[in-house]
Amino acid sequence: MASKWFVIKRLLLLIPVLIGISTVVFAILHLGGNDPAAVMAGQGASQEQIETIRSELGFDDPIWVQYTRFLSDVSQFDFGESYVLKPGQPVWGSILADKLPVTIELAIYGQLFGVMLGVPLGVLSAIKQNSLTDHITRIGALAGISVPIFWSGPLLIILFANILGVLPASSRIDTQYFIEGPWAFFGHELPLTGLMTIDTLLLGNIDAFVSAVEHLLLPAAVMGIYSMALISRMMRSSMLEVVRQDYIRTARAKGQGQKITMLKHGLKNAFIPVITVIGIQFGTMLGGAVLTETVFGISGLGVILVNAIQAGDYPVVQAAVLVFAMLFTLVNLTVDITYSYLDPRIQQ
Amino acid sequence: MSTQTQQRRRRRGIRGFIHRLRHSRFLSNLAANRLAMIGLLIITLMVVIALYARIFIGGVGPIEGYYGEIMGSNLSGNADMAKAPPSPKYPFGLDGQARSIFPRVLFGSWLALKWGTVTVAVSTVLGVSFGVIAAYYSDLVDNVVMRTMDVLLAFPSLLLALALVSILGSGLQNAVVALILVYTPRFARVVRGAALAVLEDEYIDATIAIGAKDFRVLARHVVPNCLAPVTVQSTLNFGLAIIDLAALSFLGFGAKEGAPSWGMMLSAGVENGLHSAWWWPFFPGLALALTVLGFNLLGDGMRDALDPRMRDAID
Amino acid sequence: MDVDGNHSRRSFLKATGGTIAAVSLAGCSGSTDESGGTDGGSSGEASGTINYARGAATKSLDLHKIDDGESVKVTNQIYDKLVQFVPGKNEIEAGLATEWETEGKTITLTLREDVTFHNGEDLTASDFVATYKRFTDPEYEYYIGEEDATSYAGNTFGEVESVEATDETTVTITTKKKFAPMLRNLAVFAAGVMSEKEIETGEQFDSTAVGTGPFTLDAWQNEGEKIRLKANPDYWGETPKSEFVIFLAVGENSTRVSKLTSEDIHIIDGIDAEGADRIDKADGVELVQKTGLVTGYMAMNLEKREEFRNTKVRQALNYAVDTKAIVDSIFRGFASQSSQAVPPAVPGHNEDLDPYPYDQQQATSLLEEAGFGDGFDFTLTTFTNPRPYIPSPSQAAQKVRTDLKEVGINVTIEKKSWNDFLNYTIAGKHDACFLGWNADNGDPDNFLRPLLHPGIESPDGQDWASFSAEGYNVYNASGWANQEFMQKVEEAQTIIDDDDARMKLYNEANQISHDEAPWVFLDHADELRGVKDAVSGFKIAPVGGPFLDLVSVE
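Protein chains in written order, with our numbering: chain U, 5 to 352; chain Z, 419 to 733; chain D, 209 to 762.
No lab work stands behind these hints, which were simulated from the structure alone.
A portion of the hints provided could be inaccurate.
Claimed, not checked - EDC-like mimics (lysine to aspartate or glutamate), calculated; alpha carbons at most 16 angstroms apart, straight line:
| no. | chain 1 | residue 1 | chain 2 | residue 2 |
| --- | --- | --- | --- | --- |
| 1 | D | K520 | D | E577 |
| 2 | D | K498 | D | E511 |
| 3 | D | K624 | Z | E675 |
| 4 | D | K613 | D | D585 |
| 5 | D | K405 | D | E494 |
| 6 | D | K613 | Z | D632 |
| 7 | D | K623 | Z | E675 |
| 8 | D | K384 | D | E698 |
| 9 | D | K386 | D | D585 |
| 10 | D | K386 | D | E622 |
| 11 | D | K386 | D | E698 |
| 12 | Z | K674 | D | E622 |
It should be emphasised that the depicted structure is a prediction, and the values quoted were computed from it without experimental measurement.
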């Protein structure tokens, strides 16, 4: 089957990219201005102490030995120990494992916001091509990709949190809620996902769930604006493209009303390219997460990355960058494969 | 394409260039696009503001600037005065250090456009070189160059910039270098696509057959034919570059303390002014968004005006 | 200690170990006869929850692994010390020990008898001995390990020769020499008492804690970002007024303020000037303020820059910087001008000294006399994030630049993140830098010794030392090494029986440093807390706090 080969080919193509990513990440530690051993030894350490640490950590091995070791460690989610943020504690277990779901949750809801508003706007724009609605939507979309998150975020906070006072401006849930206890359905303490909106439901705490959703609204909106803008543009143009195709004309010739035709036949086909847009802009989304988390005081992967860079905690920087890149790569892979099933032409 | 090429061979030099501009379908399409023209207007306005700020605030030649005033702190004692809201005297208010935000925002446009131009110009040049070389030599070179670009493209752009900043260290210049590395692959990819299309043309084979050197073929025939998509890509990325630069400053890795960069001002505004002084984040952000909108409007119009064959290459 | 503590100073202090350890202890030698205190667990139902927001997550609850304020705020609720600070005052009162006696080099303390740990074990003298050994004794089976132990091992117990359990309820501490600040050191968080049984059987102490304090650990989430404590019904003192305390980490200063003014947080700390202003103007919340035990300054590096070796230049800079504008406008009045290292609330502060006035003319003529009439250039290194002693570092730096330009000195500002900053300044690479200090134990020695004493003899005929010299106390960021000053500080450290004589020496030392001006004395910042009106019983404690057991929420 053709699509099977496509998937295999796509996976094979992934290998050099993964190697490349890990090389760049590996380089962060070794090209950074600071001597990692000196950073670990701490301020004012003597030269011998530094040398001891250097050989303990294997920083005096040949670079390719270090690189191989790095690859094998990383493939087991071992990113080493933090230098500064939590000295001596494992980067993954003690720092990142908790933060990843935070960022993923933001990205999911941001994306959801983008799709749920972007698709209808794009369709509307296409149906009413060249009308006032169309123009406004198109300009709106361009404005949407022009507004930086670190401006729209503050503006929304000023409006909804400060002036109207209807939504919280920061953190993920009201202070009183602790995510703990047995699952609502099984009555046992089972592992949780780390996604607030899911965990609160698993624990059967509806109040906490509502609080979590309230806290997500503004950041998700801010993150979603960009993808909403891109998706509505893409949706519009692919709707218009599809409409020009023959079968739509046929359908219309058979006497169906124009709008019904477009919706019935156009929507499904027009939706396919939109999926690629989701993949393409997911990187921007992740970059946006860093800014969104900063603006809304949400302690996710992005904030940790920024803190780690400021503090010179290179293992944390490496791990965070790698996790971000992997997320991006994974999403793109999924999108490509999904796309190949939806539109078999791509496989050629 | 081949008729165009013959035309090109007939007229060389400046006159030929002007002739081509006049008869360019691209430009006439573009001029007919009202939104694109609005974008151009915004950009022109911003450039004028930037130059004004550079000359009259920064000071050039006999003209005395007052850059020191908008950089340094003007505090004297009255704390509430230091963050006065917008008024006729201080149209955008004061920033907590008794500095008027208005001239700071004006000067910010100079910084944004200057460093945006450097970022985009250098990454365009690098991207064109890589892209053309990859397309022309194909096989090994192509693979090495483009796989490297793929790796860089596998990082979310702001994240790659942050990773590079962590290597290079903070500071505006370093942030610009980081962004150049982030943007180069985008140009390389577009140019490679466009160059491959050009290379399919028979006349290139003919040129090579009569013994033209590689460099000559690339410089005189391939590159000029890629210019249109590159220009579009540059315009579209200009806005992004300005945002990303501001974002790096916003996160504390770009402009120096006190520098009137929009990102820096937004950062101060979000840190301190979010709840008490809305004008701190509002005006710098507005200027930033407007400038970016200008480039996006123009870039979007340019893409629409472009030959459909080339359009596909641009994302 | 670093009250706002987003950053570990561990390794730094480790390096300076002995030096700083030698610092501190002071004085209330008169407290020997003080005993009792808040006795007996009077009953009263604990109810309600206090939500407390601070700037960063708690790194660990292990007393011997932490040196940051965010962690200490929590451990102070869980662990008790032998002696403790009176809530809101720089004074010592009875803690787990009800009586103590100082004689020459020994302190003998008698423990309370009715105290149990959260695990049900009774408190005995051997618990303290085990705690001490865990922290400082590499021979001990349960030693924390050199890697993990913080500098507070040296800070707190560095001068200790031995700790012994004379009987079930008596602890005898012997110091290496007469050491005035010893008793105060016992009130420092790092001297908190852990359960011997727990030390021997516990697996980890980062996210578990068994103490004797008013609260027990109830929940630990998101790696210490969110912590819930529950009132300890068996507490030896008065039962806490609130049933729960939730500690929440909120990184951004302004966000934290919003959480107080418009969300569900009851108490916040780490407030910058802007935030203080907002709290002041908001309804339903109160800004509580108290002069802190902190000092902020700009150190001029005598080793690096020849210009600064001239006393007149250093004085000129003190005249040229408008510190009044800095404390009034930038710190918005939540700080006072400084004339010396020791803050007003600490004994030994010299009341006769006035801050240098803002006087450009004086500055210019001093510079001319010194031969720098044409000015010079230097780089001012500062940290990025607000710290309690300098709440708005970048704005203050910009003000310094503006002011010094007026007298012909061109300043370039260089910002570094806290860790880089420390690395840079302790290596002596700075021309001048902002820095500050929070009291650990409220003793003047804790300021003068670490901040202005070089830790080594100064070379003949010069009043500065080299940062790279063996044994140099790198926290002395100006490299200043004044014989007379050093001698007074050293002598004061050993006076354990005459407080007046000791304080007189500190007064003189402060006079010398004021005149010689190795720093531009900037400010003594206020401690600021934002508190909801619904909260009662909250007192700002510059040392030893927060005392949340006294707090109730309506």
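Verification of the hints:
In summary, the hint linking K520 of chain D to E577 of chain D is supported, as the alpha carbons are separated by about 8 angstroms, within the 16 angstroms threshold. For a cut-off of 16 angstroms, the pair hint linking K498 of chain D to E511 of chain D is broken: about 36 angstroms separates their Cα positions. For a cut-off of 16 angstroms, the pair hint linking K624 of chain D to E675 of chain Z stands: about 11 angstroms separates their Cα positions. Proximity of K613 of chain D to D585 of chain D is assessed by CA-CA distance (about 10 angstroms); at most 16 angstroms being required, the pair is judged to hold.
A hinted pair counts as satisfied when its Cα atoms are at most 16 angstroms apart, and K405 of chain D with E494 of chain D does not qualify at roughly 43 angstroms. Proposed proximity of K613 of chain D and D632 of chain Z is contradicted: the alpha carbons are some 58 angstroms apart, above 16 angstroms. Between the alpha carbons of K623 of chain D and E675 of chain Z the distance comes to roughly 7 angstroms, so the proposed pair stays at or under 16 angstroms and holds. A distance of roughly 15 angstroms separates the Cα atoms of K384 of chain D and E698 of chain D; the hinted pair therefore holds under the 16 angstroms criterion.
Straight-line distance between C-alpha atoms of K386 of chain D and D585 of chain D comes to about 46 angstroms, which puts the hinted pair past the 16 angstroms bound. A hinted pair counts as satisfied when its Cα atoms are at most 16 angstroms apart, and K386 of chain D with E622 of chain D does not qualify at roughly 43 angstroms. For a cut-off of 16 angstroms, the pair hint linking K386 of chain D to E698 of chain D stands: about 12 angstroms separates their Cα positions. The hinted pair formed by K674 of chain Z and E622 of chain D meets the criterion: a straight-line CA distance of about 8 angstroms does not exceed 16 angstroms.
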